[in-house]
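*Asks:* Given next are the chains, with one letter for each unit.
6 protein chains.
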Amino acid sequence: MRIRVVNPNTTRAMTDTIERCALAVAGPGTLLDAVTSEIGPASIESHYDEALSVPGLLAAIRQGEVDGVDGYVIACFGDPGLDAARELAQGPVIGIAEAAVHTASHLGRGFSVVTTLARTVGRAADLTEHYGMGRFCRGIHACEIPVLALETDPDARKIVTEACRAAVAQDESDAVVLGCAGMADLCAHIRDEIGVPVIDGVAAATLTVQSLLMMGLRKSGRGEFATPPPKSYTGLLRSFGS
Amino acid sequence: MRIRVVNPNTTRAMTDTIERCALAVAGPGTLLDAVTSEIGPASIESHYDEALSVPGLLAAIRQGEVDGVDGYVIACFGDPGLDAARELAQGPVIGIAEAAVHTASHLGRGFSVVTTLARTVGRAADLTEHYGMGRFCRGIHACEIPVLALETDPDARKIVTEACRAAVAQDESDAVVLGCAGMADLCAHIRDEIGVPVIDGVAAATLTVQSLLMMGLRKSGRGEFATPPPKSYTGLLRSFGS
Amino acid sequence: MRIRVVNPNTTRAMTDTIERCALAVAGPGTLLDAVTSEIGPASIESHYDEALSVPGLLAAIRQGEVDGVDGYVIACFGDPGLDAARELAQGPVIGIAEAAVHTASHLGRGFSVVTTLARTVGRAADLTEHYGMGRFCRGIHACEIPVLALETDPDARKIVTEACRAAVAQDESDAVVLGCAGMADLCAHIRDEIGVPVIDGVAAATLTVQSLLMMGLRKSGRGEFATPPPKSYTGLLRSFGS
Amino acid sequence: MRIRVVNPNTTRAMTDTIERCALAVAGPGTLLDAVTSEIGPASIESHYDEALSVPGLLAAIRQGEVDGVDGYVIACFGDPGLDAARELAQGPVIGIAEAAVHTASHLGRGFSVVTTLARTVGRAADLTEHYGMGRFCRGIHACEIPVLALETDPDARKIVTEACRAAVAQDESDAVVLGCAGMADLCAHIRDEIGVPVIDGVAAATLTVQSLLMMGLRKSGRGEFATPPPKSYTGLLRSFGS
Amino acid sequence: MRIRVVNPNTTRAMTDTIERCALAVAGPGTLLDAVTSEIGPASIESHYDEALSVPGLLAAIRQGEVDGVDGYVIACFGDPGLDAARELAQGPVIGIAEAAVHTASHLGRGFSVVTTLARTVGRAADLTEHYGMGRFCRGIHACEIPVLALETDPDARKIVTEACRAAVAQDESDAVVLGCAGMADLCAHIRDEIGVPVIDGVAAATLTVQSLLMMGLRKSGRGEFATPPPKSYTGLLRSFGS
Amino acid sequence: MRIRVVNPNTTRAMTDTIERCALAVAGPGTLLDAVTSEIGPASIESHYDEALSVPGLLAAIRQGEVDGVDGYVIACFGDPGLDAARELAQGPVIGIAEAAVHTASHLGRGFSVVTTLARTVGRAADLTEHYGMGRFCRGIHACEIPVLALETDPDARKIVTEACRAAVAQDESDAVVLGCAGMADLCAHIRDEIGVPVIDGVAAATLTVQSLLMMGLRKSGRGEFATPPPKSYTGLLRSFGS
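Protein chains in written order, with the working numbering: chain Z, 1 to 242; chain P, 1 to 242; chain H, 1 to 242; chain Y, 1 to 242; chain W, 1 to 242; chain X, 1 to 242.
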């Protein structure tokens, strides 16, 4: 069972963190690797970045199909390109926001999300609603740490932890969802500090893909997610056509 | 990692089927067993049966805690006693309806549920809505086979399969959720026959519990699911008090 | 016209309070009594208690059918066993949460609920949503008085009153719903103190049952609430089978 | 306890029917009468008619306050002028659509509405949603009998009955709500014919007002429904100013 | 292209303000005028006033049809008589609340409404929900200035501006909707002061009508909004019959 | 006032059609042009195509800002890249799906959408829900004509017309929304044929942008839609970084 975690930004250090967190939960029968997108932004902090991370993500999925990958995780909390990736892949593709909010709903009556910059809150809200989890989501909060600073700012861990603690208090939440793949390695620390369950979407999505594969489930055979019709592409993205 | 699947009806043959299906997906590091309730109805086909299956379920959870079980599956599509079980157990407890509808939402835009008797459709609708999955559910259909006849009626497999096929056609669904633990072993057959993903909640819930345990996640530490306050109990259920 | 109010906990003193409040609003042509459950918890303060109050409640309904009762009130704000009771009874069965939130919606644009322990808030929220009244409910608040202390704690009346006053101010509500049958006799006092309508579910449910009977309305003849199919029962609950 | 049922159209024969149906369910301690609007349309079959029935309705409420009436029923399924009437009246005011859909939700999982002309279906849908009952409403159907023909057309009873039967079959409903005050006296007949509960809003609203009065409940004391601020009125409606 | 803005209160000074604001945005090919209702309240500050403004509004629409008007704006934030006006008019009729909340949804993720008296908040909430814009509305706030004082109170501009500023801060909104036609001329000032988009419904509705006319779109030909059936009217409103 | 309509596919013939339809409704003071994307797919018929049309769209917006464009229309019914475009542009950006569904809601109680291929139905549903218009949308139907065949298939006009007629009949809708920019020039023909309002999103969005500009409204100044933070970009999309 081969699972590939795609980091849709181009920062390898972040891919390493993500891979470590995914490997920590994968089962013994699972071959898991993480890859870094080769096209697009160094980090995803706007609708613009997110939209422009999709070609790189889709190239990675296409390569994964060549490599015989069975299922994929999209390791950015905006779940960029999820529907398009599902068209390309034969097996399941799960976004980390998708997996995280579903998981949180099993743990109590309401959860909070803590994300990086305030400008990403809207996207997190859209996704939560889209997955049917809006009724369990009590608040989405920014800690105003840029994505890449999560790895480099010595205060990052403390700031995210305190943002989580404050979110639980304000929202009277039962659990916290970490709203950025770059927070994956903070998960256990924050849980220990604040005493409520904390969900890392990278781990949650890895396990969701593994579970779907274990059950032999893949995207439905009906039309919406069938292979895209062949199409002529122009300009920079010429190679994406067929 | 010890997972226990509780069959909240008292029919051992059904527990055997359930256990087989759960074991088929559990990971190598998982010790899994299935137990049969010792109190209550032989099958669950009404609100009355479902309500009266709860004491037996809770007794099984209590025993599980003594036995050092880490997580539980409630193997009846009405998810009887789920909230109360979460109060008793230290680890995660997942119902098969809960797991099945969440799983189905990863596979496409809409799913159908096929259940046993028409009188159970209302409960399935309530649960689907409760879990936030109402927007993905396109229809809930009965095949009018009593629960225990699933094991004994030679036509059962054919009837359930045709009900699934009809549901997909009528609802234009991407996937089918089997609405009874007793259908667990029909899952692969039906999928092969009708060509869309078919979800068995027993497998889905087993894997959800296993994933939660793998991530170290359990019910939230906040008050709603804390151990129930000690209480004097009277009459037949005297032994449930403290 | 015979109406029976069932107190699904086993505390007779609370039944007396409930009966008094129900009798105060019943019409002259109504024969009303209140009975105490003989099986289960002394008070209902958790999902566990609520689930385990159902067998006693159902036994009381079964006895009511023998006694020629025409309609029932379930006098606990968790509306335990409501669907199952509707299967057993020929006439209408109404829960006090159900009646209270419907009533509150006639009185203004939004109401608050004040309940006993914080751990019961989730159940009240589920029910409010289930009855379609979520859009009118602005908040559910606990006063942290245990159910039985409502009768014995000399400060109870004051504490509940102040919780109601605070709820109205915080939620900008038009009315308050009392979230426990044990608060029934505080209703008039609180209304006088805080100057907004206060709804006691025991009175509201009694009048709803009486009105349904007056109109000749009972549960629908369609399948979901038909008499449960006969079934073999095992163990402690053997006598509930047929 | 004085309850007044206001027929907001100007057809006395219809008021007589309405009064008979209201009296049939009112309690022995209730003084009930029905009055006919003196301003506006002979029947209400459009948004135009409904809007223009409101001045007459409000004049009747104003007279009722002079006459010492304790509570009111608005006997048209469009619930015309309900919010404005609540501002004028000291006691409760209930619309027959409001009461009917609430009542129907106690009887099963879903109801159908059968109304007169198709052009009134939209208003019925708005109201059902507004009262929070949209999740229980499975369909709203017209039988295309004009309001006043309900009293005069010898086939009316048959046509409405068949429309109800068809609605239940198509919607798989548990109950039927009659969507016109002029159908009030058909209620028992239709129930007997089609074998599911049939709700007449006139009876339901009369009993709701009576119940609210019995509980001492009236509109909330907060601002939205306080007496309207004094205002200069011009033209035909000069007398409505103060 | 003739557009008429109907002020449904009887205060000419307010009509002048409204007309000025509508003319400021109308295209060069548009003949636009504003008329004052001749029947009803001097200002609309209650459900009572709003209901009683409808006959005057409908008379103005009827006159407009005689005058060859192509489309109408209803210039009161309660959108009084909108459905009935649509039945009378051949061309489009748009309410200012309707246009304003739709417009606000194009400008960001959430808006606030600032209205006059607190007692009108409920109506604004109903309309916002009715138009499907509830998910974008983060709060509705009153500034407690009576409608006519908007023109006469020297502090009005300052008070409304500060209410808008406070609403944005409290609701974390992206835009503000002015909840009264009488605030139309404050729009640019407030936007300049608080630095977020501010929407005046008079301008928004004028442009919506003009756009619909430009596209040749009018109310649907299906039945709900067809010309009302002829009807005998009685009393003060006799002239409204046919 | 300069408005630019961006066709996010690379087919110039379709841009010509789109430009013609936009010009037909633009006001005399509006300078309007339409441009064709230079990067990406020849037509947009899958999530894959839609995602990969975004870089070309964003390049066109960036060029528009250089050219002094005041507002933009995204002329594909999937509204690709709308949020990202709003970050780049100083003025308003409107998608044709967004404008079309809002417009349809002004014309009656419910509308149908008729789109090209069945696999695009899901995206249309997501958008309709996202814009708050789900409650007005009664069905989304495919006519199974590929996008580019709309211009070349001699039967296209007939097939789309019949699909619209069938949608109205099946959904009992008041209006039809055309679900593809390539259908823009069919709008008047279909309306004449089927006799209900038909909405072309290109015209609707052009007028919405023009109206917003006329009111001086642009995206909110708050953070979500501020200019994206500068970022290093890699690979094919290097030039999109800063």
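In case anyone wonders, no lab produced these hints; they're calculated from the structure. One should not assume that every hint holds.
[Claimed, not checked] Computed footprint of chain X on chain W; a stretch qualifies when at least three of its residues, placed anywhere within it, have a C-beta under 8 Å from a C-beta of chain X: (1) 18 to 32; (2) 46 to 53; (3) 60 to 68; (4) 138 to 148; (5) 151 to 164; (6) 229 to 242.
[As the list claims (entries may be wrong)] Stretch-level coverage of chain X by chain W, calculated; a stretch enters the list once three of its residues show a Cβ under 8 Å from a Cβ in chain W: (7) 114 to 128; (8) 139 to 153.
[Said to hold, decoys possible] Have a look at the derived ranges for each label pair, beta carbon to beta carbon: (9) P:Glu38 with H:Ala226: 23 to 31 Å; (10) P:Pro146 with Y:Gly223: 36 to 44 Å; (11) Z:Asp155 with W:Pro28: 29 to 37 Å.
Built from N, CA and C at the ideal position, the CB exists for glycine as well.
*Asks:* Output the numbers, in ascending order, of every earlier hint that fails for this structure.
*Replies:* Numbers 2, 3, 4, 5, 6, 7, 8, 10 and 11 - these are the hints that the structure violates, sorted from lowest upward.
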